[in-house]
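Protein chains in written order, with numbering that gives the first Met the number 0: chain A, 0 to 472; chain B, 0 to 472; chain C, 0 to 472.
Mixed in with the good hints, there may be bad ones.
It does not matter which identical chain is used: a pair holds within one copy or between any two.
What the hints assert, rightly or not - Straight-line Cα separation of at most 16 Å, EDC-like style, residue types lysine to aspartate or glutamate; simulated pairs: (1) Lys206 to Asp283; (2) Lys101 to Glu80; (3) Lys183 to Asp88; (4) Lys343 to Asp313; (5) Lys131 to Asp452; (6) Lys130 to Glu261; (7) Lys468 to Asp143; (8) Lys98 to Glu59.
Hints in this document: simulated from the structure, not taken from any laboratory.
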Amino acid sequence: MKSISRLVLNEDRFFDPTPAVKTIARKLYQSVKNLPIISPHGHVDPTIFVENKPFTNPTELIIIPDHYIFRMLYSQGISLESLGIRPLDGSSAEANARKIWKLFGQNYYLFRGTPTGVWLDYEFSVVFGIKKRFTGETALEIYDEISEKLQTPKFRPRSLFDRFKIAVLSTTDAATDALEAHKKIRGSEWKGNIIPCFRPDGVTDLKAKSWRANIDLLSERTGIEVTSYSRFIQALENRRSFFKSMGAVSTDHGVSSPYTHEFTQGEAERIFQKALKSPATSEDAAMFTGHMLMEMARMSIDDGLVMQIHPGSDRNHNRVIFERFGSDKGSDIPMQTEYTRNLKALLNKYGNDPRLTLIVFTLDEATYSRELAPLAGHYPAMKLGPSWWFHDSIEGMMRFRSMVTETAGIYNTAGFNDDTRAFVSIPARHDLSRRVDANFLATLVAKHIVHMDEAEEMIYDMANGLVKKAYKL
Amino acid sequence: MKSISRLVLNEDRFFDPTPAVKTIARKLYQSVKNLPIISPHGHVDPTIFVENKPFTNPTELIIIPDHYIFRMLYSQGISLESLGIRPLDGSSAEANARKIWKLFGQNYYLFRGTPTGVWLDYEFSVVFGIKKRFTGETALEIYDEISEKLQTPKFRPRSLFDRFKIAVLSTTDAATDALEAHKKIRGSEWKGNIIPCFRPDGVTDLKAKSWRANIDLLSERTGIEVTSYSRFIQALENRRSFFKSMGAVSTDHGVSSPYTHEFTQGEAERIFQKALKSPATSEDAAMFTGHMLMEMARMSIDDGLVMQIHPGSDRNHNRVIFERFGSDKGSDIPMQTEYTRNLKALLNKYGNDPRLTLIVFTLDEATYSRELAPLAGHYPAMKLGPSWWFHDSIEGMMRFRSMVTETAGIYNTAGFNDDTRAFVSIPARHDLSRRVDANFLATLVAKHIVHMDEAEEMIYDMANGLVKKAYKL
Amino acid sequence: MKSISRLVLNEDRFFDPTPAVKTIARKLYQSVKNLPIISPHGHVDPTIFVENKPFTNPTELIIIPDHYIFRMLYSQGISLESLGIRPLDGSSAEANARKIWKLFGQNYYLFRGTPTGVWLDYEFSVVFGIKKRFTGETALEIYDEISEKLQTPKFRPRSLFDRFKIAVLSTTDAATDALEAHKKIRGSEWKGNIIPCFRPDGVTDLKAKSWRANIDLLSERTGIEVTSYSRFIQALENRRSFFKSMGAVSTDHGVSSPYTHEFTQGEAERIFQKALKSPATSEDAAMFTGHMLMEMARMSIDDGLVMQIHPGSDRNHNRVIFERFGSDKGSDIPMQTEYTRNLKALLNKYGNDPRLTLIVFTLDEATYSRELAPLAGHYPAMKLGPSWWFHDSIEGMMRFRSMVTETAGIYNTAGFNDDTRAFVSIPARHDLSRRVDANFLATLVAKHIVHMDEAEEMIYDMANGLVKKAYKL
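Chain A extracted, bound-state conformation (with noise of 0.2 Å):
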């Protein structure tokens, strides 16, 4: 993929100018470069690689469902509806993929210094062979040569997911799915390794869209009638073994807060019997998400499934987009965040038990060095997810190594994730983590922290064998 890219990307893209650190960046990067990409987090929809169909067209591959992208255009007054996102009352939007496109191209000076602008030179250079840069004049001359591609064989998913060099894939998924998809995927030839993850927010929230149904989705599923508080946990007991059946190797827990509380059995019955009857109240729904963080720990234990817990963001804070649009339209937004008193129930209890992976995420980067690096430097069952959302930038990643390894190490911490909806953009991801990491290690050797060999070993484990370790693979 070299010499295509050359017209674009710098083959030093990202390093330290200095040249002290450069030499060395670009030599730990060679070493990772190639190696196979591990996606433990992401939310890809697996659908795609059952039905392995050439994608529709740029616009519908690489804008639409990538919040990253319009949530920018958003910024700047250019209409969800102009950019082909429809509402959900069947309102009209902008239907012509490529008139979409060529606004995308014309705003595209807004993605500078943005790693979205980074992820997609790399696709349009690496991934498609475009040759020019992308702009508002050569937009529509890249849609088509983008479009004419997508038609061949090598740009089906199956062959983009192999090109890729994909070792393992997960999607994340209800507790209530019935994982169709992946189970169409291991019953056919294709040896693509694409597993799911449990993340059962829809019924542990008791505040969560539709949770009556979901209980009643989760009863179907089981095949245990949900009636009681005690049913309920054989029900999610049955299903975090279903997932694992199918591969999973980890659940996934989106919440507010990172609050941990334990329920004597005679409240959580209580206040599950009081959620069956009538919509529970927000004190109520937190203390259970809290004594339910806590169950979920217990049953990691139980069944090995890694848990991983994605708290501090305030969903749909625009409400007037969430009506007209709904969910993950680009109007999350990151909260303050408390670690140290909050998961302190959990960590006592489960915290000193090797037999537990609790890997941690934050949008709050004040709590990197000040609660996380000392709590993952001390418990052996909690470690670091990598820096999240908002902060799997350059910065944000150079951020998050510089916080927390003077205190956790790298090896209290679980390796990259590209937690990423946008298929194209996986190899970017992981191609920007690792520059940055062997960028972040070239600083540590050009300033005598540590040594060459050791740099070596640790841009492996940062690329590779953290994460396998992590997360049991």
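Given chain A, work out where chains B and C should sit, using these hints.
Relative to the frame of chain A, chains B and C by itself:
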């Protein structure tokens, strides 16, 4: 101005010492170095341009109005009286300007590594053409040299304004201000573009000093007897209209917290009536301020004035200093600030409206990447003001750019504000900002994150384009 | 010591690899490299200097007392027992020092990129003259080499103290401590300057372990029967006076929160009496601690002892570890900390008094630029302690300087503290601090922010001048 500054100021100052970066930074900086200064938010006293009298002496010009300077000296045990700051009770203060200046010179080492030091070096060298370093030994010599120049026509306020190439300078004015100075400037033959900014804190904050008297003055200024909430709103609309007729393009709101919340008409009326009768409680005042921010956004949509929020300062933290010397004496201390939840009501109601421009500032750098960049990177109405007050320094501006750009880009920021009451520091502050931005962009170019032609467009936008657009200038 | 350290330690370690910076950093560092060590705050056991016996073995010297080391090993699933940490209940722990050391060596890679790794490399190389890298393979060989040296006179505590050029070493001692070791040192022919620091947490925190017994001990030590609040105050004044007579220059206060508040005499008496009778509530204890900080400031103005506040650690977060092994076992976790409002009462009452020196520390880096630098850059009494505990690392110290200096300058900081209980790490920690400061200043020089002659003065102050002034040494 080049040759005279050689002895103290290096042409490449503040740029990254890595040659690959420095060369690019120098080039980018050169391209904006001589652009006009646009100063959309500040606190210079407009009277100086009405009178256009020579500045009295260096001490009155540089030390007395600048709490950045005497704050630092005070922290080292130097009394405000000895710096010529006069107590409110009429007690004496040092009156010998040369003696004060000498004391300042002897303690100038305290400003090493601070932006105040950097600005002062620029003022001495570039504004006043001093060819030696400022120290305790040279202080009086330099005093005399500046004094002499201040008596010449070239150093009168209007001449400096022109020489600084200030295209527009906004002052900050109480809602009840008659804008006499502005009227006189507009009525004069002088073409300096000095505009007011509508800052209604004195009437919207029910706990403001002299609130009741301010309300009476508001009645007097508008001819609307403010006996009810609805008349209060009417009077504010009247004043905004007057400010606009005087050239204002913006409003400004200095609040403890960016909390927003909408009262019913009845609630607003009830609390306002209560306040008219007896001093408001802190709770009522906080709620009312939150409501008034909503009202101000509504009015901005009507009249087009850009809305600024400056939250998070605990004003007059040191009561001893406040009671002896009054406000703005260097003891305002930042507090932790929350935006995601506090701005929710306002952004949900008005944030999707492209007619509104809401420029938000912070003194809490932890909110840059966590809250402010995500909000500005989504809501069309919201832009981020530059790093403010304690943070408009080299490292502070660099942190702003590196924590904001990856999420919000540069195009959701509002360019630079000097926010100063120290008139002669204006060119120093803009020069520093341009240098830091040039260096920031040079790093992006040297790391191959943006192309040089992109950086050339960006540096222009950061110096002039964005501020013009954000403030509709 | 130069030649023997060549194999492992680079002379330019930790400096910026950019030649323009490195050259300056090296020069600045050389100018302070051999200055005496001033250690005004730490936790070395003074008994070792009384007895002056050879240290038992490398494991007892380096691993057992250092929670930085076993914290990290524990986080990776290595039991404390296997590291020789003895449970309180008398259960067995590994007793074979060589076996423990071997385990440590095998896991030494965990410390890559951490300050502990950097300090240990220094200790091995410079203190013990080891000429090979420490790894699992070389561990036992190195053990033997250190063991042998520990038996020689050159490696006895007093000899090392002298060889380390420690000009003054402060211990940290309970208010009720009889300071027997200090008495013996002062009464001996040895000239090592070891002084106590008055830390009254055990009697001022009503929830402290054994508080009631501590009060009885306080009565015994002072001959003042502490049956009332006023006698409590009298007893504390008495102890402070005794500590001062033993060379103490400071007090230290380890509090959850820096909350300050002044009780009336009556309120203080009432709460104190309540606590004498039955265990205090958390609320009473928190309020009383806030009041006692005020009292301590008042006493400091009287007796001249420098007051230190170390807030923000959630001590013994891991109850399992605490109950099995006791305190200081690596499970203290930082919490978010607020200073602006919490210190207001104290600073308003005493912060303008130049007779008080209040040195404030933090574990919450978000407060550096937001609260601490603005406070220290205004109040004459307040100075900032260096980056502390989890943050006295290369990046941690750099963040401290870059977030504090622009607002508070370097002259409102208090130099470096090693704050260690690991005696042989003292020169390593001071060397690291001097290198980081030299590098910080070199960057300022290379960017033309300060002149070289200024940096030369500053590096001296950062290594020796500021700490001497702040602690009145």
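Evaluated hints:
1. Lys206 to Asp283: within (9 Å within a copy, 32 Å between copies)
2. Lys101 to Glu80: within (14 Å within a copy, 65 Å between copies)
3. Lys183 to Asp88: Result: close neither inside a copy nor across copies, 32 Å intra and 57 Å inter.
4. Lys343 to Asp313: between (23 Å within a copy, 10 Å between copies)
5. Lys131 to Asp452: between (39 Å within a copy, 15 Å between copies)
6. Lys130 to Glu261: For Lys130 and Glu261, the Cα distance exceeds 16 Å both inside one copy (58 Å) and across copies (53 Å).
7. Lys468 to Asp143: Answer is neither; intra-copy 43 Å and inter-copy 34 Å both fail.
8. Lys98 to Glu59: within (12 Å within a copy, 61 Å between copies)
Comparing the model with each earlier hint shows violations of hints 3, 6 and 7; every other hint is respected.
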